[in-house]
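Heads up: the sequence lines are chains A and B, in that order. The numbers in the working numbering rise by one with no breaks, and the one at position 60 of the first sequence is 60. Just add 1000 to wherever you are in the second sequence, counting from 1, and you've got the working numbering.
Warning: the hint list may mix true and false statements.
Now the in silico label distances, taken between C-beta atoms and shown as ranges [said to hold, decoys possible]:
no., chain 1, residue 1, chain 2, residue 2, range
1, B, 1222, A, 168, 32 to 40 angstroms
2, A, 28, B, 1304, 36 to 44 angstroms
3, A, 244, B, 1248, 32 to 40 angstroms
4, B, 1225, A, 166, 21 to 29 angstroms
For the chain B half of the interface with chain A, some residues (derived, Cβ under 7 angstroms), not all of them [what the hints assert, rightly or not]:
no., residue
5, 1255
6, 1282
7, 1283
8, 1284
9, 1285
10, 1286
11, 1326
12, 1327
Derived by calculation from the structure, the hints in this document are not laboratory data. Backbone N, C-alpha and C define an ideal beta-carbon position, used for all residues, glycine too.
Residues per chain, in single letters:
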Amino acid sequence: MATQVLMPQLGESVTEGTISKWLVNVGDVVKKYDPLAEVTTDKVNAEVPSTVSGRVSQIVVAEGETVAVGTLILYIEEEGGASAPAPAAAPAPQAAPAPAATPAAAVPQAAAPSTPAPAAGDAPKQRYSPAVMRLAQEHNIDLSRVAGTGAEGRVTRKDVQAIIDAGGQAPAAAPAPVAEAPAPQAAPAAAQVTQTPTVTAAQVPTSTPAANVSYDIPVATGDQVIPVTPIRKTIANRMVQSKHEAPHAWTMVEVDVTNLVNYRSSVKDEFKKKEGVNLTFLPFFIKAVVESLKEFPMLNSQWAGDKIIVKKNINISIAVATDDALYVPVIKDADQKSVYGIAKSIEDLAARTRAGKLTMDDMTGGTFTVNNTGSFGSVMSTPIINAPQAAILSVESIVKRPVVINDMIAVRSMVNLCLSLDHRVLDGLVCGRFLQAVKQKLENIGPDTKLY
Amino acid sequence: MAVMTFIEAVTLAMREEMRRDPSVFLLGEDVGIRGGVFRASMGLIEEFGEERVIDTPLAESAIAGVAIGAAAVGMRPIAEMQFADFIMPAVNQIVSEAAKMRYRSAGDWNCPITIRAPFGGGVHGALYHSQSVEAMFNSTPGLKIVAPSTPYDAKGLLKAAIRDNDPVLFFEHKRCYRLIKGEVPDTDYVLPIGKADVKREGTDITVISYGLTLHFALQAAEKLAAEGISAHVLDLRTLYPLDKDAIIQAASKTGKVLVIHEDNKEGGIGGEVAAIVAENCLFDLDAPVRRLCGPDVPAMPYSPPMEKFFMITPEKVLEAMRELALF
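Use the sequences and the hints to build the structure in full.
Here is the structure:
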């Protein structure tokens, strides 16, 4: 009896996952809880465990494919089960049907297996002949948008030449998905660029793996083309969404942190010795921010269209950059933590980010983001809000500057704090007060400040 | 202009050259009184006498050797090998002497001989009367190898071979002799050795061939045209040295190349053609270069079904061309 294995829910907000690697092959014997596949979701890599013991009878979703949670990804023939072909015999044990459900008219038994993953996996591998590659390069033709007339849908030299003869490829409309290739067989070649279908092969539409926006940007010789990873894609989508939806306003205060600098210098060595954790400036800033959020809870809220949700928990997202991506793990209940507790959390999250060991839980639930842009020398930045949060604060570099105090010029350690705010939720006044509160707390740090 | 068979064009070329130049003479087995076993020299002994149309003993090395010697003293002999299969005893004379004469003597001597030989199968000739031997000679600088496929080309190229100042092997596909007819001008024309000829213009696939199989390719091209497949057909005509420019041009035109010959596949002319295409046309290629050739078995079988298996047939050609077009 073949059991269906579905794409599991790998985090509360996760709606889809990419099978980055199959760890089993058809025919492999697996035990319950054995890892079946590596899955990349939003920002986390996870393994899909087997739900039963048995033999893998069919893999439905190809590597690299992104499917919704609940989608059937493979069949496992349970031990002692009949070896009938999986799809036909498979009952649908779990109630969760594949997302792209077939019409209800279908017999239930047949329904689930006959709604396998998107057909993309069946698409022929696109391999291009030297002539096709050259012509495409010379004439800036996006081969993924060319319908091939050759064997198994191969794009032939004539296909490309026909496009060139017809005056080149129509540019992909910027926000339109790529799948504007000719209609399937049913539609005759009328609308197609290929004028003379000289061979009898059926017109096979080009299938695009992911319905993502693709721009018609020419690639010159020597240019490097980097495929977009799921994480990069997530970052891109999040940034566009935030910048697009939330009207960003921006403000900045400068803070005299001379006392903080002196205080930290005096305690950091002992702290390191005692706790084994580096005492950086960031925990102090986060501590000040958290205390200020308590006073101005509107900063710790979210826009929800017809309402504003003021979050009770204060969970601080911190940005941690790796070489190729940006992760935003969360310090949970930061308002219940001391400077020491925050320092320890930061160190733990940063280490696990760089080791690629963040869990979905580590990534979710943030209510306000503190971004340590000063760590790479920035003195001013306009951060993009980590939606659906209402604001983000960046801590810039601490620099020594001449400032006027009591009509005298002094050399002080100064830092800029930049705040981007969602103007739907917040206005300048509350944000100004919030920043003043943060500033005041930071400037008042001194020998009496508690680390624990 | 008269329509004549391939073999009539061969006879006409010899007659015209013998009339034009008294140093031209023909020697070979049964070429005189018999007029050749295929009747290629019909009527020549009557016109030119047994001094210029010489029946020889059954000794091919002597036929070639005598021709080389005669050429050395200013004659232009046409030596006929009754069948290309019988050329083997003469290979030493042809390869070691004729081909190297000019080079060995630093240009003091040359060797203007033409060696004619009927080749190829499909006439139930079995082992000793069906071989294609061209590949054995096509790595011998100093020789030229010509294999025409039409009566027009046969006359023009044979006349050119006779007038050439170096040795030319002139292979005539024996099934073409009476199967292939075409218009042949009665004027004195010669065609350049070393030049291939486009026999049909097309845009989808390029077929490169020579001899009998070229005709199969042309027939198949006609049929495929009805299916919307346009075939470009190049007749090599000269097999050594190959017309590289023509091959490159024809291959680049469509990017899909099929080489067809009856000779065995491995080590055949087709491999050389494919190499020229690979060396020069990579960025025009839209498909792997393909070859349709005789199988790598020792000889043409006598059994008719086996002969059919060995031979390149119009059906095999049609199928191979269609398959490449659909790739």
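These are the hints, each one checked on the structure:
For the hinted restraint 32 to 40 angstroms between residue 1222(B) and residue 168(A), the CB-CB distance of approximately 35 angstroms keeps it satisfied. The supplied range of 36 to 44 angstroms is broken by residue 28(A) and residue 1304(B), whose beta-carbon atoms lie about 54 angstroms from each other. A hinted range of 32 to 40 angstroms is violated for the C-beta pair residue 244(A) and residue 1248(B), which are about 55 angstroms apart. For the hinted restraint 21 to 29 angstroms between residue 1225(B) and residue 166(A), the CB-CB distance of approximately 23 angstroms keeps it satisfied.
Interface hint at residue 1255(B): satisfied, since its Cβ lies 5 angstroms from the closest Cβ of chain A, which is below the 7 angstroms cut-off. Checking residue 1282(B) against chain A: minimum C-beta separation of about 5 angstroms stays under 7 angstroms; hint holds. For residue 1283(B), the shortest C-beta to C-beta distance to chain A is roughly 4 angstroms, which falls under 7 angstroms, so the interface hint holds. For the restraint placing residue 1284(B) at the interface with chain A, the shortest Cβ-Cβ distance is roughly 5 angstroms, inside the 7 angstroms limit, so the hint holds.
Using the Cβ-Cβ criterion of 7 angstroms, the hint placing residue 1285(B) at the interface with chain A is satisfied: the shortest such distance is roughly 5 angstroms. With 7 angstroms as the threshold, the beta carbon of residue 1286(B) comes within range of chain A, its nearest partner Cβ sitting at about 4 angstroms, so the hint holds. Against a cut-off of 7 angstroms between C-beta atoms, the interface hint on residue 1326(B) holds, since the closest Cβ of chain A lies about 5 angstroms away. Given hint, residue 1327(B) at the interface with chain A, holds; its Cβ is 5 angstroms from that chain's nearest Cβ, closer than 7 angstroms.
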